[in-house]
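**Student:** With the working numbering applied, the sequence shown covers 1 to 105.
For the record, the hints were derived by calculation from the structure and aren't laboratory data.
Certain hints may be false.
When the alpha-carbon atoms are kept at most 30 angstroms apart in a straight line, the in silico BS3-like pairs for lysine-lysine are as follows [what the hints assert, rightly or not]:
no., residue 1, residue 2
1, Lys7, Lys43
2, Lys7, Lys27
3, Lys27, Lys43
Derived DEER-like restraints, expressed as beta-carbon distance ranges [claimed, not checked]:
no., residue 1, residue 2, range
4, Pro96, Arg55, 35 to 43 angstroms
5, Pro96, Ala52, 37 to 45 angstroms
6, Asp53, Asp94, 17 to 25 angstroms
7, Thr28, Asn61, 35 to 43 angstroms
It should be emphasised that the depicted structure is a prediction, and the values quoted were computed from it without experimental measurement.
Heads up, the beta-carbon is just placed ideally off N, CA and C, and yes, glycines get one too.
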Amino acid sequence: MNLSGAKILVIGGAGFIGSHVVAELLKTDVGEVVIYDNFARGKRSHIEPYLADPRCRLYANGGDIRETDILDDAMRGIDGVIHLAAMWLLHCKDFPRTAFHVNIE
């Protein structure tokens, strides 16, 4: 995919891996990077340095991938999606229904 001027949505962008993906995207001539995260595991401190770049922003209306109406809104005008949101394996055992919705559905 040509990233030149592209608008990319990074789901789970405030997590450890997601924040590194955001950093790498901002090294290119990407048009905009939109971070979509519910901060269940991600941390604002992971993305704080990148939010100073005018091409990077945090989606302000939510970040839970189970809320499909909000996710649909976040995806309007997006050229590409990098999906990195998932529940930890131990949480999957304790919350199997939520794990199904987050990791599979």
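**Student:** Each hint should be assessed against the structure and marked as holding or not.
**Tutor:** Hint check results:
Proposed proximity of Lys7 and Lys43 is supported: the alpha carbons are some 22 angstroms apart, at most 30 angstroms. Proximity of Lys7 to Lys27 is assessed by CA-CA distance (about 14 angstroms); at most 30 angstroms being required, the pair is judged to hold. For the proposed pair Lys27 and Lys43, the alpha carbon gap of about 21 angstroms is at most 30 angstroms, so the pair holds. The supplied range of 35 to 43 angstroms is met by Pro96 and Arg55, whose beta-carbon atoms lie about 39 angstroms from each other.
Taking 37 to 45 angstroms as the suggested C-beta distance range, the pair Pro96 and Ala52 conforms, at roughly 40 angstroms. Taken as a hint, the range 17 to 25 angstroms is violated for the pair Asp53 and Asp94, whose Cβ atoms sit roughly 37 angstroms apart. For the pair Thr28 and Asn61, the beta carbons lie near 26 angstroms from each other, so the given range of 35 to 43 angstroms is not met.
In this structure, the earlier hints numbered 6 and 7 are contradicted, and the remaining ones agree with it.
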